[in-house]
Each structure stands twice: as C-alpha cells, then as structure tokens.
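S.K.: Here is what each chain is made of, one letter per residue.
Protein chains: 2
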Amino acid sequence: MKQELLNLDDAVAVLERTPSSLSALLVGLPDTWTRATEGDGTWSPYDVIGHLIHGERTDWIPRARHILAGNTRPFETFDRTAQFKESEGKSLAELLEIFADARQHNVAALLEMHLTDEDLRRPGVHPELGHVTLKQLLATWVVHDLDHVSQIARTMAKAYREATGPWSAYLSILRDREK
Amino acid sequence: MKQELLNLDDAVAVLERTPSSLSALLVGLPDTWTRATEGDGTWSPYDVIGHLIHGERTDWIPRARHILAGNTRPFETFDRTAQFKESEGKSLAELLEIFADARQHNVAALLEMHLTDEDLRRPGVHPELGHVTLKQLLATWVVHDLDHVSQIARTMAKAYREATGPWSAYLSILRDREK
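These protein sequences, in sequence, are chains L and H.
For reference, each letter of the first sequence is one residue, going 1 to 179 in my numbering.
For reference, each letter of the second sequence is one residue, going 1001 to 1179 in my numbering.
It should be emphasised that the hints constitute simulated quantities derived from the structure, not laboratory data.
Backbone N, C-alpha and C fix where the C-beta goes; we use that ideal spot for every residue, glycine too.
Among these hints, one or two may not hold up.
[As the list claims (entries may be wrong)] Chain H side only, calculated, beta carbon under 7 Å to chain L, not exhaustive:
1. L1025
2. T1081
3. K1085
4. S1087
5. V1143
Extracted from the complex, chain L is given alone in its bound form (with noise of 0.2 Å):
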C-alpha cells in the first residue's frame, strides 16, 4: 500500500529542514523580491511565511494531538488569511525566526509522542474534507511546506518575466499556475 511510503523519519527530515532552506534564500534579500506576489489576491514570500507561522500555531500538532485524545468532532477550521494581521509590523527576517523556532519546537513535540504505526492510523475529521488519519496530517504537513517553497520560488521568478526576453519560452515556471 503506497501510504505505509511514510515514513516518520523522512517526514521529519523534510520538516526540519525547511525553516533554514528559507532563511537562506530569503534572509537581506530585497523587497523586489520579497514583496512581489502573482497578482490580485496572491500572496509575496513575505506573506507566506506569516502563513506557515499560523500552521504550526494552530494546524499540525494541534491536530494531531486532537486525533491522538480521540476526539470524533472536527478539527477547527484553518484560517488562510491570518498572517495578514498576525505578520504586521514584523520584518521578514524577524517572521523566519518565529517560523523556525515553531518548526524546531513542533519537530520535537511530534518526535516526543513516540508514534506507533497503531497511532499512525488513527482517525480524525477533518471539517470539509471527512474521515482522514494520523498519518495523512504528517504527509499534507511535509507537502504543504514543500508546496509554499515552490510557490515562493515561482513567486520570485515571475518579478522577471519580461526581464527574460525570449528566453520566457524556455521557462516553464512562468506559466505555473496562471489561468
């Protein structure tokens, strides 16, 4: 069965390094980069950082620890939108320390419930999307994380679209995700 592929030490080997892969890329960057989003209601590197912020506030371990207390009503529902509020007047490199002290402190939190493959296979509800496991939570956890680095990348790389020139033909990030 393709699920048992996770395993609890690649997951946690993809979470941890993360916050640092960021602070590298980002860190003294300019606000060109910074700052640039897609477009009307998308988000800039900036933003998304606040956003992974809020996930490890009140996403991930919550909800697993809501799964391992046996609760059957649903998680509580995950607001996309409060690193707009939440970031505010914090500087970006200021929200990359908030990300990877989270990070380290929710790594260490996962690693200290000794998760059996049993715990691994646990229920919880998830408010749209219905009966999800343990298990299912650490992987969305890793691939969200990896779905908001490319997002920053194709971010970036859109600020210099028409920089390019011809070469806008050969670089298939800037058509990701454009209607």
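Given chain L's structure and the hints, the job is docking chain H onto it.
M.R.: Below, chain H alone, put in the same frame as chain L:
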C-alpha cells in the same frame, strides 16, 4: 520599460543565495526525496544539481563573455543531459559543494565585469531564440535557478502524493506540470 527592472544587485542577491538554500534543503536528506522523480524522463533533485553545475561551467558566464567580446556567431548549444555522465560517482553533498564553489566563482566573475547599462543592452545570438541581450541572459540565469528550486520542491512533494489522502485536493503542487 519593464526590462529596466533588472537591477544587477537584485539579480546577484538571488544568484548568491541559491546554493546555500538548496544545501540547507538537501544535504543529508534520505534518497526517498533526493532520488525521486516525477516519472519517466523527468529529473530527481540529484539530477537537477548536476544540471545547475553544468550551467555554471558552460552557460551563463561563458555566454556573457561571448556577448561582451562582441561575437556575432550564435552561443554554443547547451547540453541539457550532460549531468547524467558528469555526476556519475559523486554524492549529492559533493555535487552541492561543487555547485556552491562554481556559483561563488561565477558571481565574482560577474561583479568583476563592472557592467554598465550600455553593456547590459549588448546583443547576442541564441542558436534557437535569435536576438537576445546580456540583460536578458542575466535575468534568465536568475529565473532558471528559481525554476529548478520549484522543480525540486515539486518532485519531492509528489513522492508523498498518495500519502496525503483526501488532503491532496488542497495541495495544488501535486497537479503542477502533470499532463
């Protein structure tokens, strides 16, 4: 003119951060991630780093020098599969070090060119795309980095496609670049 948005300091800011960001993401990661591909004919993160090294050796700075020397013959064609032979026998950590050294060397070479606005408008001939400028070449170098950062994140994410279960509906990265 939007092409004027290419600012050399902004471009260098990304170019000099790519190696450390990729090393922070990839060094020590299990093969589950670094040898994953998106399917037949697609590249693993390991393959991508080899491709980036080949670009440092044969593409960006050599083409910039070709333009600055006033050459009117087309650039040498870039070999898109050179990494399969060149990376043989090397670990990913070794490749990432080679990439970091080559990039550091090339960013230094770029800065030593002390490019003026007039230099940036100098023309070159691409073997397939025809007339291009030095400015477009440098913008493409940056966007090419970001395209491959995004590709690495996407490729890793797809290794957990099934593991995310119902959440895959929310994870658009799992559908990027799918036919």
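S.K.: Look at each hint and say if it fits the structure.
M.R.: Results of checking the hints against the structure:
The beta carbon of L1025 of chain H comes within 4 Å of a beta carbon in chain L, closer than 7 Å, and the hint placing it at the interface holds. Given the 7 Å rule on beta carbons, the hint for T1081 of chain H is violated: about 15 Å separates it from the nearest Cβ of chain L. The closest approach between the C-beta of K1085 of chain H and any C-beta of chain L is roughly 22 Å, which is over the 7 Å cut-off, so the hint fails. For S1087 of chain H, the shortest C-beta to C-beta distance to chain L is roughly 21 Å, which exceeds 7 Å, and the interface hint is violated.
Checking V1143 of chain H against chain L: minimum C-beta separation of about 5 Å stays under 7 Å; hint holds.
In summary, the numbered hints that this structure violates are 2, 3, 4.
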